[in-house]
Amino acid sequence: MAYSRKDFISLLDIDEEEILYILETAETMKYILNQKNKKAPYLQGKSVIILFYEKSVRAKLSYELAAQYLSADIVDITVSKVSDQYETINDMGRTIEQMGGDFIICRHPMSGSAKLLAENVHASVINAGDGINEDPSQSLLDLMTIKNQKGSFKGLKVAIIGDVAHSRVTRSNIWGLLKLGAEVCVAGPPTMISSGIEEFGVKVHYNTKDAIKDADVVMTMRLDTDRTSKSRFISLDEYQSFFKIDEHSLLDAKKDVIVMHPGPANRGIEISSQLLDDKRCLLDDQITNGVAVRMALLYILSNKAGAFL
Amino acid sequence: MAYSRKDFISLLDIDEEEILYILETAETMKYILNQKNKKAPYLQGKSVIILFYEKSVRAKLSYELAAQYLSADIVDITVSKVSDQYETINDMGRTIEQMGGDFIICRHPMSGSAKLLAENVHASVINAGDGINEDPSQSLLDLMTIKNQKGSFKGLKVAIIGDVAHSRVTRSNIWGLLKLGAEVCVAGPPTMISSGIEEFGVKVHYNTKDAIKDADVVMTMRLDTDRTSKSRFISLDEYQSFFKIDEHSLLDAKKDVIVMHPGPANRGIEISSQLLDDKRCLLDDQITNGVAVRMALLYILSNKAGAFL
Amino acid sequence: MAYSRKDFISLLDIDEEEILYILETAETMKYILNQKNKKAPYLQGKSVIILFYEKSVRAKLSYELAAQYLSADIVDITVSKVSDQYETINDMGRTIEQMGGDFIICRHPMSGSAKLLAENVHASVINAGDGINEDPSQSLLDLMTIKNQKGSFKGLKVAIIGDVAHSRVTRSNIWGLLKLGAEVCVAGPPTMISSGIEEFGVKVHYNTKDAIKDADVVMTMRLDTDRTSKSRFISLDEYQSFFKIDEHSLLDAKKDVIVMHPGPANRGIEISSQLLDDKRCLLDDQITNGVAVRMALLYILSNKAGAFL
Numbered sequence: 001m002a003y004s005r006k007d008f009i010s011l012l013d014i015d016e017e018e019i020l021y022i023l024e025t026a027e028t029m030k031y032i033l034n035q036k037n038k039k040a041p042y043l044q045g046k047s048v049i050i051l052f053y054e055k056s057v058r059a060k061l062s063y064e065l066a067a068q069y070l071s072a073d074i075v076d077i078t079v080s081k082v083s084d085q086y087e088t089i090n091d092m093g094r095t096i097e098q099m100g101g102d103f104i105i106c107r108h109p110m111s112g113s114a115k116l117l118a119e120n121v122h123a124s125v126i127n128a129g130d131g132i133n134e135d136p137s138q139s140l141l142d143l144m145t146i147k148n149q150k151g152s153f154k155g156l157k158v159a160i161i162g163d164v165a166h167s168r169v170t171r172s173n174i175w176g177l178l179k180l181g182a183e184v185c186v187a188g189p190p191t192m193i194s195s196g197i198e199e200f201g202v203k204v205h206y207n208t209k210d211a212i213k214d215a216d217v218v219m220t221m222r223l224d225t226d227r228t229s230k231s232r233f234i235s236l237d238e239y240q241s242f243f244k245i246d247e248h249s250l251l252d253a254k255k256d257v258i259v260m261h262p263g264p265a266n267r268g269i270e271i272s273s274q275l276l277d278d279k280r281c282l283l284d285d286q287i288t289n290g291v292a293v294r295m296a297l298l299y300i301l302s303n304k305a306g307a308f309l
Numbered sequence: 001m002a003y004s005r006k007d008f009i010s011l012l013d014i015d016e017e018e019i020l021y022i023l024e025t026a027e028t029m030k031y032i033l034n035q036k037n038k039k040a041p042y043l044q045g046k047s048v049i050i051l052f053y054e055k056s057v058r059a060k061l062s063y064e065l066a067a068q069y070l071s072a073d074i075v076d077i078t079v080s081k082v083s084d085q086y087e088t089i090n091d092m093g094r095t096i097e098q099m100g101g102d103f104i105i106c107r108h109p110m111s112g113s114a115k116l117l118a119e120n121v122h123a124s125v126i127n128a129g130d131g132i133n134e135d136p137s138q139s140l141l142d143l144m145t146i147k148n149q150k151g152s153f154k155g156l157k158v159a160i161i162g163d164v165a166h167s168r169v170t171r172s173n174i175w176g177l178l179k180l181g182a183e184v185c186v187a188g189p190p191t192m193i194s195s196g197i198e199e200f201g202v203k204v205h206y207n208t209k210d211a212i213k214d215a216d217v218v219m220t221m222r223l224d225t226d227r228t229s230k231s232r233f234i235s236l237d238e239y240q241s242f243f244k245i246d247e248h249s250l251l252d253a254k255k256d257v258i259v260m261h262p263g264p265a266n267r268g269i270e271i272s273s274q275l276l277d278d279k280r281c282l283l284d285d286q287i288t289n290g291v292a293v294r295m296a297l298l299y300i301l302s303n304k305a306g307a308f309l
Numbered sequence: 001m002a003y004s005r006k007d008f009i010s011l012l013d014i015d016e017e018e019i020l021y022i023l024e025t026a027e028t029m030k031y032i033l034n035q036k037n038k039k040a041p042y043l044q045g046k047s048v049i050i051l052f053y054e055k056s057v058r059a060k061l062s063y064e065l066a067a068q069y070l071s072a073d074i075v076d077i078t079v080s081k082v083s084d085q086y087e088t089i090n091d092m093g094r095t096i097e098q099m100g101g102d103f104i105i106c107r108h109p110m111s112g113s114a115k116l117l118a119e120n121v122h123a124s125v126i127n128a129g130d131g132i133n134e135d136p137s138q139s140l141l142d143l144m145t146i147k148n149q150k151g152s153f154k155g156l157k158v159a160i161i162g163d164v165a166h167s168r169v170t171r172s173n174i175w176g177l178l179k180l181g182a183e184v185c186v187a188g189p190p191t192m193i194s195s196g197i198e199e200f201g202v203k204v205h206y207n208t209k210d211a212i213k214d215a216d217v218v219m220t221m222r223l224d225t226d227r228t229s230k231s232r233f234i235s236l237d238e239y240q241s242f243f244k245i246d247e248h249s250l251l252d253a254k255k256d257v258i259v260m261h262p263g264p265a266n267r268g269i270e271i272s273s274q275l276l277d278d279k280r281c282l283l284d285d286q287i288t289n290g291v292a293v294r295m296a297l298l299y300i301l302s303n304k305a306g307a308f309l
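Chains as they are written, first to last, in the numbering used here: chain F, 1 to 309; chain D, 1 to 309; chain E, 1 to 309.
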């Protein structure tokens, strides 16, 4: 088996071969999603604990459905504030493990938290977002969507537009795409581009036009209008006029360009409503692939991959 | 099959025959509720998403148990405020559908929201309350309770007491009862009676005595003391003295009158504590029938009715 | 069968024989926890309702996993404030029962609430904490942990340190331990020791040293730094210097002393971080036994014990 780790934490430290193995397994999982009876027995008698220290509707739904399709049991112990959990993440992990939990899906506002937890429990930890570090399964669904459309990553030009510095899925995407042989460039206001990002092999632009020129893939992301990002742009109007993607923005891209957005979208802010509903925008595929990728991760980590593939 | 729609949204636009078909199916579902092992396999491998934009204990419990009794999987993504959901209801519906969700149980503060959602997804939508418009399954359980007691609806006099203008279950009940041949009258303070309601064939009274005279069924409803209704009555004392139902209020009703309340009740405000516990008050039947009706809806919408009945 | 009650409410009014029967059943349940496939069919088709009027992460997790391991269905209707539930606990119980709920796991800020509820429904009620009265299943897991280590309770000296007056698990532990033949002493600031507690046969100390001398078991408990207990100690520093348990505190205890903490722990406040991770501290066993005990309760109350043991 190409993936023999206990946990799934980061795209920074795994190999191209491991990524491709997960994506391949996810394709198989997608069959289950298309059945009338979406129930495969692979995780029967296994317990999946949703340990979210940040509320989330989409991620919760995606992980819970993935686990249910594989017949796992789920307990959701989301708390809205870290302080409500009353104990360190390691003590919480110890509790879950002693109660028989097999998987911990961890979302936490502190970068590095999932890794810390994984090192301290025998249960399998899946990083569902740690601070502004990574959201690796969210990146895998992007990679799966690109692979389905383009076949391969070698030589693809991927333009990522928006708050690159504070988006954890973008960080995961950068590590993943570079590893798989794509060329990555980013564009956004200077306050939203991490300094030194060029050293990793990423090209930096401060306008959308240069970034999108000849791109095979354009990724944009939700602008966080109510939380951390607020101080990072002068006004919403200005942000929209410079960094909103619409049909016009794609004129200089490759003819078969695809557009991606992690959702939920601010229609008319980072992406025009028309483009979001355009067939070049693969939001629907991304959502479905998200469930398939999470099923694949649960399946692979449960150590039964050999019996299935 | 008498009901071939994809969704269940309203009692205004469905036929008498369709209503009776659902009620008949609900009677069959009630058998399952009385088994020691309350588990029928009809919805195995189907996913039911609870999409509530208003918190609810009873409705959540009723829908989740109904789905569990039919072996469905459930994910609850209730959020307390619409703004916490971060995207339009249609984009949320698209997300649920792309993840493989089969049913969306939707409760939303905006009238018309369930219909809008239903028109935009392939999944089956059940309206669990949209603004002050309708709560049609809550009405079906009332209709089922009346039918069990009275056999038929033709010529029955039903008196509805309370905030008629802002109660969504009352609106559904009015459409359903009139369609089934009952005579409906309402009573409440003028601020709680919709203007023009007589045009639909409803008789309006401003005192309880006239409304209840010769009634076969008396329905009252929870007075909303802490939210929207507050500005609609002068004082709680006054409301109680004019519109509280107790044993004395029933003296002019038919001898075999039945009393109904959707729960949760404010004991001593809209109904006396004694009457709520009186055997003429069918609250317990209503609650049980609520689960049966929701099982019937899930069952019928899952398109397997033919194989079962 | 040694336990024939409908409910599990209190350790004050049950017999030694009944306690030992539950502990014995819990040992059998522990086997299931150690299986790769943690799924036994004993509660298939039964519905467990989590009716918590106080939020809880650990208790929720423990009860839900226990129910899942026995194949029950679960609906969690936790509300954070009693007033959000909109109706009396008895009316809520009536609702749950009429919907087909078989078990109600009740946590409520009012002492006596679980008993009141149990007297008014046919469903089985498990008291998951009522005010400052009891948390009897939490005590059973402590008793199970002691029994596993010491074999018997007769003549054991158990020292309980902390806010004895306001800890419901401590009250349950006192009733249980005395009933099983142990000797119980307590230590804490005078504001945290119930007046008259000596009359039940408990020895009272106002310093840790006297309490722990020759103890077989030392139990400490989470200091409630943010809620009710705040007014009961002068300063955190003072509390720590007098009542924090660490390795040094155990010097006068029996050589084979064991230390217990219900979790979640305030590391460095009521117990030192080192001692919490010391092998004499049985926190991990307590957590696992908690799930086993709750499985046993669900199993016994479901009236199938005869078929199993």
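FYI, nobody ran anything at the bench for these hints, they're computed from the structure.
A quick note: this is a predicted structure, and the numbers were derived from the prediction, not measured.
A couple of the hints might just be wrong.
Identical copies look the same in the list; a pair holds intra-copy or inter-copy alike.
Unchecked claim - Here are the simulated lysine to any residue pairs, SDA-like style, with alpha carbons at most 25 Å apart:
hint: 1; residue 1: Lys55; residue 2: Asn90
hint: 2; residue 1: Lys6; residue 2: Leu20
hint: 3; residue 1: Lys279; residue 2: Asn90
hint: 4; residue 1: Lys39; residue 2: Asp76
hint: 5; residue 1: Lys154; residue 2: Pro189
hint: 6; residue 1: Lys255; residue 2: Asn90
hint: 7; residue 1: Lys6; residue 2: Phe233
hint: 8; residue 1: Lys209; residue 2: Glu97
hint: 9; residue 1: Lys36; residue 2: Ala2
hint: 10; residue 1: Lys6; residue 2: Glu16
hint: 11; residue 1: Lys36; residue 2: Ser71
hint: 12; residue 1: Lys255; residue 2: Leu33
hint: 13; residue 1: Lys179; residue 2: Gly201
hint: 14; residue 1: Lys36; residue 2: Arg280
hint: 15; residue 1: Lys147; residue 2: Ser231
hint: 16; residue 1: Lys179; residue 2: Ser111
hint: 17; residue 1: Lys157; residue 2: Pro41
hint: 18; residue 1: Lys255; residue 2: Tyr31
hint: 19; residue 1: Lys30; residue 2: Lys203
hint: 20; residue 1: Lys55; residue 2: Thr88
hint: 21; residue 1: Lys6; residue 2: Lys254
Status of each hint after checking the structure:
Taking the shortest alpha-carbon separations for Lys55 and Asn90, both the intra-copy value of 20 Å and the inter-copy value of 21 Å come in at or below 25 Å. In the homo-oligomer, the alpha carbons of Lys6 and Leu20 lie at most 25 Å apart inside one protomer (17 Å), although the nearest pairing across protomers, at 39 Å, exceeds that limit. In this homomeric assembly, Lys279 and Asn90 come within 25 Å of each other (Cα to Cα) only across copies, at 17 Å, whereas the closest approach inside a single copy is 45 Å. Taking CA atoms no more than 25 Å apart as the test, Lys39 paired with Asp76 passes in both settings, with 20 Å inside one copy and 19 Å between copies.
In this homomeric assembly, Lys154 and Pro189 never come within 25 Å of each other (Cα to Cα): the closest approach is 28 Å inside a single copy and 70 Å across copies. Taking the shortest alpha-carbon separations for Lys255 and Asn90, neither the intra-copy value of 50 Å nor the inter-copy value of 29 Å comes in at or below 25 Å. In this assembly of identical chains, Lys6 and Phe233 lie within 25 Å of each other by CA distance neither inside one copy nor across copies; the values are 40 Å within and 45 Å between. In this assembly of identical chains, the alpha carbons of Lys209 and Glu97 never lie at most 25 Å apart, being 50 Å within a copy and 34 Å across copies at closest.
Taking the shortest alpha-carbon separations for Lys36 and Ala2, only the inter-copy value of 23 Å comes in at or below 25 Å, while the best intra-copy value is 31 Å. In this assembly of identical chains, Lys6 and Glu16 lie within 25 Å of each other by CA distance solely inside one copy; the values are 18 Å within and 44 Å between copies. Taking the shortest alpha-carbon separations for Lys36 and Ser71, both the intra-copy value of 15 Å and the inter-copy value of 14 Å come in at or below 25 Å. In this assembly of identical chains, Lys255 and Leu33 lie within 25 Å of each other by CA distance neither inside one copy nor across copies; the values are 31 Å within and 57 Å between.
Taking the shortest Cα distances, Lys179 and Gly201 sit within 25 Å of each other inside one copy (11 Å), while across copies they are farther apart (70 Å). Neither within a single protomer nor between protomers do Lys36 and Arg280 lie at most 25 Å apart by alpha-carbon distance, with minima of 28 Å and 45 Å respectively. Taking the shortest alpha-carbon separations for Lys147 and Ser231, neither the intra-copy value of 36 Å nor the inter-copy value of 59 Å comes in at or below 25 Å. Proximity of Lys179 and Ser111 under a CA criterion of 25 Å is satisfied intra-copy only: 22 Å inside one chain copy versus 50 Å between copies.
Taking the shortest Cα distances, Lys157 and Pro41 never come within 25 Å of each other, neither inside one copy (40 Å) nor across copies (49 Å). For the identical chains of this complex, Lys255 and Tyr31 are neighbours neither inside a copy (30 Å) nor across copies (60 Å), given an alpha-carbon limit of 25 Å. Within a single copy, Lys30 and Lys203 get their C-alpha atoms no closer than 34 Å, and across copies no closer than 57 Å, so neither meets the 25 Å cut-off. In this assembly of identical chains, the alpha carbons of Lys55 and Thr88 lie at most 25 Å apart whether taken from the same copy (18 Å) or from different copies (18 Å).
Proximity of Lys6 to Lys254 under the C-alpha cut-off of 25 Å is found in neither arrangement, the shortest distances being 40 Å within a copy and 41 Å between copies.
When each numbered hint is compared with the structure, violations occur for hints 5, 6, 7, 8, 12, 14, 15, 17, 18, 19, 21.
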